[in-house]
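K.L.:
So the chains spell out like this:
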Amino acid sequence: MTVDLGVNIGAPEDIDTFVKFAQEIGLRVIGVPNSILSVPFQRVNDDFLLLRRTQVSAKRLPSAKRLTERVRRQNAILSVRLTRNVEMANWAAGDTRIDMITVDQHTDTRLRRTTARLAAKGGTLLEVRFSALLHSSGLARSRLLKIFRENVAIAREANMQVVLTSGARRPLELRSPMAVKCIGTLLGVEFDDMSRIVDQVPRSMIERNLTKLRSSFVAEGVEIVQGGEE
Amino acid sequence: MRRTRKRYFRFKIHSRKGCAGTKSVLEDIWKSLLSIYGEIEAADSKLYMVEFDETTQTGILQCAEPSLHRVIAASALIASIDGRTVSFEPLKTSGTIRSLRQS
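Keeping their order, the protein sequence lines are chains G and R.
Residue 148 in this note's numbering sits at position 148 of the first sequence, and the numbers go up by one each step.
Residue 261 in this note's numbering sits at position 31 of the second sequence, and the numbers go up by one each step.
Next up, chain G with everything else stripped away, as it sits in the complex (with noise of 0.2 Å):
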């Protein structure tokens, strides 16, 4: 399985060529908007896997708290952008029921070391979307890339476990699983770590996750077996 976990499809039209390109290169699961996809996934055929993602944005804790509370289940997959807001990425960092906290072009700070250390205790990913890579250069493109390196060294250094995710608008920002694993050495980590990234650590999250929206999931570890009369 090789997944791209954020593709940031416009319309719903435009779901068949996306599919069509993501399969040409190789991939096999997408997450895309929670605009285009009414259920938390959908097979496209029995080789294509479309997961529905929420960005959980809010301007206070208690808000983020209660959408999250209201979208989880009718989602695959939950981020929270890193923002300076320190109270948020630490929630983000230790709920559970959020997946990613992401870092893309509008990103300007840093992880905290604390906040990397909850994270990687509560299993929460740092997704990099690296699609502003691809229409910069120079100064900008730098810049871009200290923010991307400075963070994904820090959620490495801390244990949590990192994904790069396209953000792709259009199919052809789309990009082959080897050529993100190359992309990823732009980002200071080793291609050999880069096939983990790819592939094992957003297929175990979404196995977890797809685990848990089934109507017999209970909690971690209990499972409705069989059901009894009442």
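Check before you lean on any hint, since a few could be wrong.
Said to hold, decoys possible - Below, simulated EDC-like cross-link-like pairs (lysine to aspartate or glutamate); rule was C-alpha separation at most 16 Å, straight line:
no.	chain 1	residue 1	chain 2	residue 2
1	G	LYS146	G	ASP104
2	R	LYS261	R	GLU271
3	R	LYS242	G	GLU173
4	R	LYS276	R	GLU257
5	R	LYS247	G	GLU173
6	R	LYS242	G	GLU24
7	R	LYS322	G	GLU24
Claimed, not checked - For each label pair, taking beta carbons as the anchor points, the in silico distance ranges come out as:
no.	chain 1	residue 1	chain 2	residue 2	range
8	G	PHE191	R	GLY313	30 to 40 Å
9	G	VAL222	R	ASP274	51 to 61 Å
10	R	ARG331	G	PHE191	23 to 33 Å
11	R	TYR278	G	ARG66	52 to 62 Å
Rather than coming from a laboratory, the hints here were simulated on the basis of the structure.
Please read these numbers as outputs of a predicted model, since none were measured by experiment.
Beta carbons: idealized from backbone N, C-alpha and C, even for Gly.
Dock chain R against chain G, hints included.
P.N.:
Chain R only, in chain G's frame:
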């Protein structure tokens, strides 16, 4: 001077409209490599286009072994060639051209 081992990789350029020419593909890979890794690394990569089929948009590039992942990373960051949006897909890497041609 110590000889460095060479590596080859096959790639494909995906594009919606039109085809990219051999010269512009190689030039854009060079530019991207130069922009990201600088002049020394670009020179040390010993980049060379072995072949490029403009109809299928697939080709084989040769580079120095230590630079392989850097060359692929730089190529993967190319968003457009000749004003056309493209996606660079590395298909296979190998130590010999023969195995790439056979696959």
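K.L.:
Hint numbers the structure violates, sorted upward?
P.N.:
none
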